[in-house]
Amino acid sequence: MNKNLVLHALHEVKDPEIDAISIVDLGMVEAIRGDDSKLVVELLPTFMGCPALDIIRKNVEEKLDRLKVFNHIEVRFINDPPWTSDRVSDLGREQLKSFGIAPPPKKINETGGWEVGCPYCDSLYTTMENLFGPTACRSILYCKSCKNPFEAMKPLSTMM
Amino acid sequence: MKKNDQSQMDSMERKVLIELLYQLADDDFILAYRGSEWLGLAPHIEEDVAFSSINQDMMGHAAMFYQLLEDLGEGHVDILAHGRSSKDRKNAVLLELVNGPGHYLEKPKFDWAFTVVRHYFYTQFKKIRMESLKNSSYQPLADVAVKVNMEIYYHLLHWKTWFMQLIDANDEARNRMETAVQQVFDEFADVLSYGPNGREIAEAGFIDKEEIITQMWKHQLLTVFESVNLSIPIKIKTKSGKGREGFHTDDLAVALSILSEVYHIDPAANW
Numbered sequence: 001m002n003k004n005l006v007l008h009a010l011h012e013v014k015d016p017e018i019d020a021i022s023i024v025d026l027g028m029v030e031a032i033r034g035d036d037s038k039l040v041v042e043l044l045p046t047f048m049g050c051p052a053l054d055i056i057r058k059n060v061e062e063k064l065d066r067l068k069v070f071n072h073i074e075v076r077f078i079n080d081p082p083w084t085s086d087r088v089s090d091l092g093r094e095q096l097k098s099f100g101i102a103p104p105p106k107k108i109n110e111t112g113g114w115e116v117g118c119p120y121c122d123s124l125y126t127t128m129e130n131l132f133g134p135t136a137c138r139s140i141l142y143c144k145s146c147k148n149p150f151e152a153m154k155p156l157s158t159m160m
Numbered sequence: 001m002k003k004n005d006q007s008q009m010d011s012m013e014r015k016v017l018i019e020l021l022y023q024l025a026d027d028d029f030i031l032a033y034r035g036s037e038w039l040g041l042a043p044h045i046e047e048d049v050a051f052s053s054i055n056q057d058m059m060g061h062a063a064m065f066y067q068l069l070e071d072l073g074e075g076h077v078d079i080l081a082h083g084r085s086s087k088d089r090k091n092a093v094l095l096e097l098v099n100g101p102g103h104y105l106e107k108p109k110f111d112w113a114f115t116v117v118r119h120y121f122y123t124q125f126k127k128i129r130m131e132s133l134k135n136s137s138y139q140p141l142a143d144v145a146v147k148v149n150m151e152i153y154y155h156l157l158h159w160k161t162w163f164m165q166l167i168d169a170n171d172e173a174r175n176r177m178e179t180a181v182q183q184v185f186d187e188f189a190d191v192l193s194y195g196p197n198g199r200e201i202a203e204a205g206f207i208d209k210e211e212i213i214t215q216m217w218k219h220q221l222l223t224v225f226e227s228v229n230l231s232i233p234i235k236i237k238t239k240s241g242k243g244r245e246g247f248h249t250d251d252l253a254v255a256l257s258i259l260s261e262v263y264h265i266d267p268a269a270n271w
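Residue numbers (the UniProt record's numbering), protein chains in the order written: chain D, 1 to 160; chain P, 1 to 271.
Incorrect hints may have been included.
[Unchecked claim] Think about it this way: if two alpha-carbon atoms lie no more than 25 angstroms apart in a straight line, the pair counts; the simulated DSS-like pairs of lysine-lysine are:
# : chain 1 : residue 1 : chain 2 : residue 2
1 : P       : K237      : P       : K87
2 : D       : K107      : P       : K134
3 : P       : K127      : D       : K107
[What the hints assert, rightly or not] Counterexamples of contact, computed for chain P against chain D with all Cβ distances above 10 angstroms:
#  : residue
4  : S7
5  : P43
6  : E74
7  : R84
8  : S86
9  : K87
10 : D111
11 : E178
12 : Q220
13 : S231
14 : I236
15 : G241
In case anyone wonders, no lab produced these hints; they're calculated from the structure.
Bear in mind that the values here come from a model prediction, so they are computed numbers and not experimental data.
Where a beta carbon is used, it is the ideal one built from N, C-alpha and C, also for glycine.
Build the full structure now, drawing on both the sequences and the hints.
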C-alpha cells in the first residue's frame, strides 16, 4: 500500500468549519492501515459532539475513493488515544492563524489559566470574552492592542 | 483484568455493564435536552453561546455511551436515543425535571437558579464519575471517559463560576439559590444511585463503589459551601421518583414526546 498517496489525499480533506487546515495538520489522523484490497483509516474526534465528524468521514471516503486504488475503504473514529490540542502540527498552527483563529495555547499555568496571542498582531494584550465560541473547540477573545475580536482553539489535554 | 469486549464477561457482568451504560447515556441525553430548551432564553447572549456549546458536548457524550450500548448489541443508537419510552429510561429524575413553569415556545418562566445549581452539582458529580471510569475494567468505556473528562473540565469551570457569583450576590439571588440548592438536594440521591444492581456494577470493576463516589462528591461541594458560608441541611433525598428503576415523572414523558416527534414521523428515515 502506498501510504504517502493516502496521506497526500488526506491533506486535501479540510475541517468543514475551518477550511484553512487539513485533518492531518489538525492531528486527527491516527492510523493508515491495510492493503490495496482493504484500506482502514482511523481518525480521532476533536470534540465528541462535533457535528462536523460525519461530514469529515464522508469527505475522507470520497477523496480516497477517487484514487481508484482501494477496493474497500473503511473510515472510523476511535477514542484511544484521545485527541489533544498539542496534536496540531506547526504548519497547522500557522494555518489556523491565517484563518483568524489563534492556535491552542501550548502551556497552561498552575491556576488553569492560559495566555493567547492575537492571530493578527501577535500581541499578548488580549482578554477572554467567552470561553465557549461558535463551535465546541473554539473560544472568543478580544485583542486590546489591535482592537480585533478573534477566536482561539481551546487547549485540550489529558491533564485536565 | 481489563475487558475489551463482551466475550470476556459472564452474563451477569454483561447485564450490569449495560445497566450502567444506560444510566450514563440517559443522564446526559435528557439534561442536554433540558439545557437546549434555554436556547434564546439564557440571561445574556454570551451565555446562550456557551450553554449551546455545553449542550452539544453533552449530547455528544450521550451519543458515545449509546454507541457503546449498540456495540454490545442493544440496538441502533438512534433508536436507543429516540425510540425508548419513559419507563425504559434509566436517567436520574432530577435531570428530567422541567426548567420551570411554561414552555420554551410559550410563556417560559424558567428558573435560572435551579438550572445553575442542577448543572453545577451534576457536572461535579460527572467529573468524579468520569475520573473513576477512566480506570474501568471495560476498556472501551475507560477510553470514552478519558475523552469526556477533558471536555467537562470547561463545563465545570463554567457552572462553578455562575454558582459562586450568584450565591455571593444580593439577597434575592442568594435566596433563590438557597431554594434551588434545597430543591436539588431533595432529588440528588437518585443521581448518586447505581440502581438495584449497584453492588454488582462496582464488584465487576466497571466503576468505583457508590459510597466512594458519593463521599467524593460531598467533599467537593462542602469545601465550596464553606467558602461561601452556605450551611444547608445535607439530607440528600429522592423525592419525585427512582429513575434508575424506571420510575419517572410526567416531565420525562412530555420531554420525550417533544424531542422524538420528528423521529417518529418516519423512524426509517436516513439522517
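To see whether the hints hold, each was checked on the structure:
no. : hint            : result
1   : K237/P x K87/P  : holds, 21 angstroms
2   : K107/D x K134/P : holds, 24 angstroms
3   : K127/P x K107/D : holds, 22 angstroms
4   : S7              : holds, 19 angstroms
5   : P43             : holds, 13 angstroms
6   : E74             : holds, 18 angstroms
7   : R84             : holds, 20 angstroms
8   : S86             : holds, 24 angstroms
9   : K87             : holds, 27 angstroms
10  : D111            : holds, 22 angstroms
11  : E178            : holds, 27 angstroms
12  : Q220            : holds, 16 angstroms
13  : S231            : holds, 28 angstroms
14  : I236            : holds, 28 angstroms
15  : G241            : holds, 28 angstroms
Violated hints: none; the structure is consistent with every hint.
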